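**Student:** Sequence:
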Amino acid sequence: MGWWEKYNQSTAWWVRALVLAGVVGVSYTFFTPFCDVMFNCGCQVLWEEAGRMCNVHNAGGPHCPFCATGAWGKMIPRGSVWLTQVAVVLAPLNVSWKSRVLLGLMAFVGVAMLVGSIFLMATGYPMFLGTGS
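Mapping of the sequence shown onto numbering that gives the first Met the number 0: position 37 corresponds to residue 36, and the numbering continues sequentially without gaps.
Some hints here could point you the wrong way.
Here are the in silico distance ranges between beta carbons for each label pair [to be verified]:
#, residue 1, residue 2, range
1, GLY109, ALA20, 26 to 32 Å
2, THR130, PRO91, 35 to 41 Å
3, LEU45, GLY109, 17 to 23 Å
4, ALA58, ALA20, 38 to 44 Å
5, LEU128, ALA58, 46 to 52 Å
6, LEU92, LEU113, 17 to 23 Å
7, LYS73, GLY131, 19 to 25 Å
8, PRO91, VAL25, 20 to 26 Å
Taking lysine to any residue pairs in the SDA-like style, the calculated list, with each CA pair at most 20 Å apart, reads [claimed, not checked]:
#, residue 1, residue 2
9, LYS73, GLY60
10, LYS97, GLY24
11, LYS97, VAL36
12, LYS73, ALA16
13, LYS97, TRP13
14, LYS73, PRO61
15, LYS73, SER116
16, LYS73, GLY123
17, LYS97, TRP12
18, LYS73, VAL36
19, LYS73, LYS97
20, LYS97, LEU19
21, LYS97, ASP35
22, LYS73, THR122
23, LYS73, ARG15
24, LYS73, ASN39
25, LYS97, MET52
26, LYS97, ALA16
27, LYS97, TRP46
28, LYS73, LEU119
29, LYS73, ALA90
30, LYS73, GLN43
31, LYS73, PHE33
32, LYS73, VAL25
33, LYS97, SER116
34, LYS73, TRP46
35, LYS97, TRP81
36, LYS73, ASN57
37, LYS97, VAL85
38, LYS73, ILE117
39, LYS97, ALA11
Simulated from the structure, these hints should not be mistaken for laboratory data.
Keep in mind it's a predicted model, so treat the numbers as computed, not measured.
Virtual Cβ for every residue (Gly too), placed ideally from N, Cα, C.
Build out the structure end to end from the sequences listed, making use of the hints.
**Tutor:** Rendered as structure tokens:
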């Protein structure tokens, strides 16, 4: 293997690493507003104080399924999204970096909704994706 093949091979890993950093950064930044999209709970983007307006801080319920379940509600949804993003972005597939970005962002939305629906059923929260009371 010549120096050019080695260079191209190492560049592919750098590109994957940059794509992974980008999609994880997007999911980290926009997880709380996506929580609000799913549960209509009041969570906001990080620069607007994130979960400060979440309904978990209200005296009466219902309370956001992620915020109301403490550390598990923080670790499981985000960890599931990030692990899936790692898997799809670093997968040994012969796809472009643009496809990896798309797969990583789709993983964010899909896994967050799946985990959100599981938390919804486990907590009996009355709203999901704009439906409910």
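**Student:** Indicate, hint by hint, whether the structure satisfies it.
**Tutor:** Here's how the hints hold up against the structure:
Distance hint check for GLY109 and ALA20: the Cβ-Cβ separation is about 20 Å, which falls outside the suggested range of 26 to 32 Å. At roughly 39 Å, the beta-carbon separation of THR130 and PRO91 lies within the given 35 to 41 Å, and the hint holds. A hinted range of 17 to 23 Å holds for the C-beta pair LEU45 and GLY109, which are about 22 Å apart. Checking the proposed 38 to 44 Å range against ALA58 and ALA20 shows it holds: the Cβ atoms sit about 40 Å from each other.
About 26 Å separates the C-beta atoms of LEU128 and ALA58, a value inconsistent with the hinted range of 46 to 52 Å. Distance hint for LEU92 and LEU113: a CB-CB separation of about 22 Å, consistent with the stated range 17 to 23 Å. For LYS73 and GLY131, the Cβ-Cβ distance of about 23 Å falls inside the hinted range of 19 to 25 Å, so the restraint holds. At roughly 23 Å, the beta carbons of PRO91 and VAL25 sit within the given window of 20 to 26 Å.
Annotation: proposed proximity of LYS73 to GLY60 holds, straight-line Cα distance about 19 Å (limit 20 Å). Between the alpha carbons of LYS97 and GLY24 the distance comes to roughly 16 Å, so the proposed pair stays at or under 20 Å and holds. For the suggested pair LYS97 and VAL36, the alpha carbons sit about 26 Å apart, so the restraint of at most 20 Å is broken. Our distance criterion of 20 Å between C-alpha atoms is broken by LYS73 and ALA16, whose separation comes to about 24 Å.
A distance of roughly 14 Å separates the Cα atoms of LYS97 and TRP13; the hinted pair therefore holds under the 20 Å criterion. Distance hint between LYS73 and PRO61 is fulfilled; the C-alpha atoms sit about 18 Å from each other, no more than 20 Å. With a C-alpha separation of about 15 Å, the suggested pairing of LYS73 with SER116 holds against the 20 Å cut-off. The hinted pair formed by LYS73 and GLY123 meets the criterion: a straight-line CA distance of about 18 Å does not exceed 20 Å.
In summary, the hint linking LYS97 to TRP12 is supported, as the alpha carbons are separated by about 14 Å, within the 20 Å threshold. For the hint pairing LYS73 with VAL36, the CA-to-CA distance comes to about 16 Å; that is within 20 Å, so the pair holds. Proposed proximity of LYS73 and LYS97 is contradicted: the alpha carbons are some 29 Å apart, above 20 Å. Restraint check for LYS97 and LEU19: satisfied, since their Cα atoms lie roughly 12 Å apart, inside the 20 Å limit.
A C-alpha spacing of about 28 Å is found between LYS97 and ASP35, which places the hinted pair above 20 Å, so the restraint is violated. The straight-line distance between the Cα atoms of LYS73 and THR122 is roughly 15 Å, inside the 20 Å bound, and the hint therefore holds. Among the hinted pairs, LYS73 with ARG15 is inconsistent with the structure: their alpha-carbon atoms are about 26 Å apart, more than 20 Å. Of the supplied pair hints, the one linking LYS73 and ASN39 holds, its CA atoms being roughly 17 Å apart against a limit of 20 Å.
Between LYS97 and MET52 the alpha-carbon distance is near 35 Å, which puts this suggested pair outside the 20 Å criterion. A threshold of 20 Å between alpha carbons decides the hint, and for LYS97 with ALA16 the separation of about 13 Å falls inside it, so the pair holds. For a cut-off of 20 Å, the pair hint linking LYS97 to TRP46 is broken: about 28 Å separates their Cα positions. For the hint pairing LYS73 with LEU119, the CA-to-CA distance comes to about 14 Å; that is within 20 Å, so the pair holds.
For the proposed pair LYS73 and ALA90, the alpha carbon gap of about 26 Å is over 20 Å, so the pair is violated. A C-alpha spacing of about 15 Å is found between LYS73 and GLN43, which places the hinted pair at or below 20 Å, so the restraint holds. Distance hint between LYS73 and PHE33 is fulfilled; the C-alpha atoms sit about 13 Å from each other, no more than 20 Å. A C-alpha spacing of about 16 Å is found between LYS73 and VAL25, which places the hinted pair at or below 20 Å, so the restraint holds.
For the suggested pair LYS97 and SER116, the alpha carbons sit about 29 Å apart, so the restraint of at most 20 Å is broken. The straight-line distance between the Cα atoms of LYS73 and TRP46 is roughly 18 Å, inside the 20 Å bound, and the hint therefore holds. Annotation: proposed proximity of LYS97 to TRP81 holds, straight-line Cα distance about 18 Å (limit 20 Å). For the proposed pair LYS73 and ASN57, the alpha carbon gap of about 19 Å is at most 20 Å, so the pair holds.
As the CA atoms of LYS97 and VAL85 are separated by approximately 15 Å, the hinted pair is consistent with the 20 Å bound. Between LYS73 and ILE117, the direct Cα distance comes to roughly 14 Å. Compliance with the 20 Å bound is thereby established for this hinted pair. Distance restraint check for LYS97 and ALA11: the Cα-Cα separation of roughly 13 Å lies within the 20 Å cut-off, and the hinted pair is therefore satisfied.
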